[in-house]
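Colleague: Knowing the structure of chain P, use the given hints to seat chain Y on it.
There are 2 protein chains.
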Amino acid sequence: MKTLIFLSFTILSAALTACQKTKVDPVAEGEKLMQVSREWSQTVPTKDYEKMLSYWRDDAVIIMPNQAPIKGKEAIRAMVESTSKNPAFNISWEPIEAHISDDASMGYLIERNKVTLNDSLTAYHNVITVWRKTEDGTWKNVADVSTPDTSRN
Amino acid sequence: MKTLIFLSFTILSAALTACQKTKVDPVAEGEKLMQVSREWSQTVPTKDYEKMLSYWRDDAVIIMPNQAPIKGKEAIRAMVESTSKNPAFNISWEPIEAHISDDASMGYLIERNKVTLNDSLTAYHNVITVWRKTEDGTWKNVADVSTPDTSRN
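Protein chains in written order, with our numbering: chain P, 1243 to 1395; chain Y, 1243 to 1395.
This is chain P alone, in the form it adopts within the complex (with noise of 0.2 Å):
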């Protein structure tokens, strides 16, 4: 009877720190989110395809201002590998703010770009990411819409 009382007790435990794992941290999550990003940032100048196509999830969509939206990562490497053999093409990004869902599997960034082509032409945009969390606890970028900000210009 013992066992018995004991087992259920460790069933209940079990039951209740499986539940626990869905309590996060939204302001350290966010900040961990927010990371990430920076460091996608810096996978750009590197030309290490791999490395930058690893932040995406294979069906992310990046809608960009007068573009048909590019679906998947197979069209998503042709347009990497496209940017980025053009040496006057450029692109750099920050976080500003980052929002969590509850149990941390989704989240959202607002960001800021700055998008050069050469050094004449430069443009600004504002940017929402958003992200999913994959089971092995890693980020993936699952949509990236950006529209002109001509505040900046």
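No wet-lab data here; the hints were simulated from the structure.
Since this is a predicted model, take the numbers as computed values, not measurements.
Some hints here could point you the wrong way.
Under the rule of at most 27 Å between Cα atoms (straight-line distance), these lysine-lysine pairs were calculated in the DSS-like manner [claimed, not checked]: (1) Lys1356/P <-> Lys1327/P; (2) Lys1265/Y <-> Lys1265/P; (3) Lys1313/Y <-> Lys1356/P; (4) Lys1274/P <-> Lys1313/Y.
Modeller: Chain Y only, in chain P's frame:
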């Protein structure tokens, strides 16, 4: 002793039920969220400001092309009232895809909108809207980014 065993299983059962609240049907939740967005679009012609404004959370942000982000309910209210007073202005939108966090506390929609200022000026945008579920189970919009889509012009 039987009472103790019964009690511990009752607690275990309650704990597991609480856990199961985090399990959601992403397709059904996504369809619900898209329906909220469709209903929201239908409030625009009614000019019912309070109804329109009820879809935003107090800390929502709207990021439009070439404009400073509009942050918070009071700034959004001023924008809604200003645009609604212009008889030439109209906006409508439709959701295309929904994506929901594992616990359905956050979700985002890929949407398209159409803005008209008069019969001769029409602008299309690709949009991502981000939503959070409130304690009473309703979805509220927290972020909206729109970028020009010239493919439909």
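Colleague: Now tell me if each hint is right for this structure.
Modeller: Hint-by-hint comparison with the structure:
no., hint, verdict
1, Lys1356/P <-> Lys1327/P, "holds (18 Å)"
2, Lys1265/Y <-> Lys1265/P, "holds (14 Å)"
3, Lys1313/Y <-> Lys1356/P, "holds (22 Å)"
4, Lys1274/P <-> Lys1313/Y, "holds (24 Å)"
The structure fails none of the hints (numbered hints given earlier).
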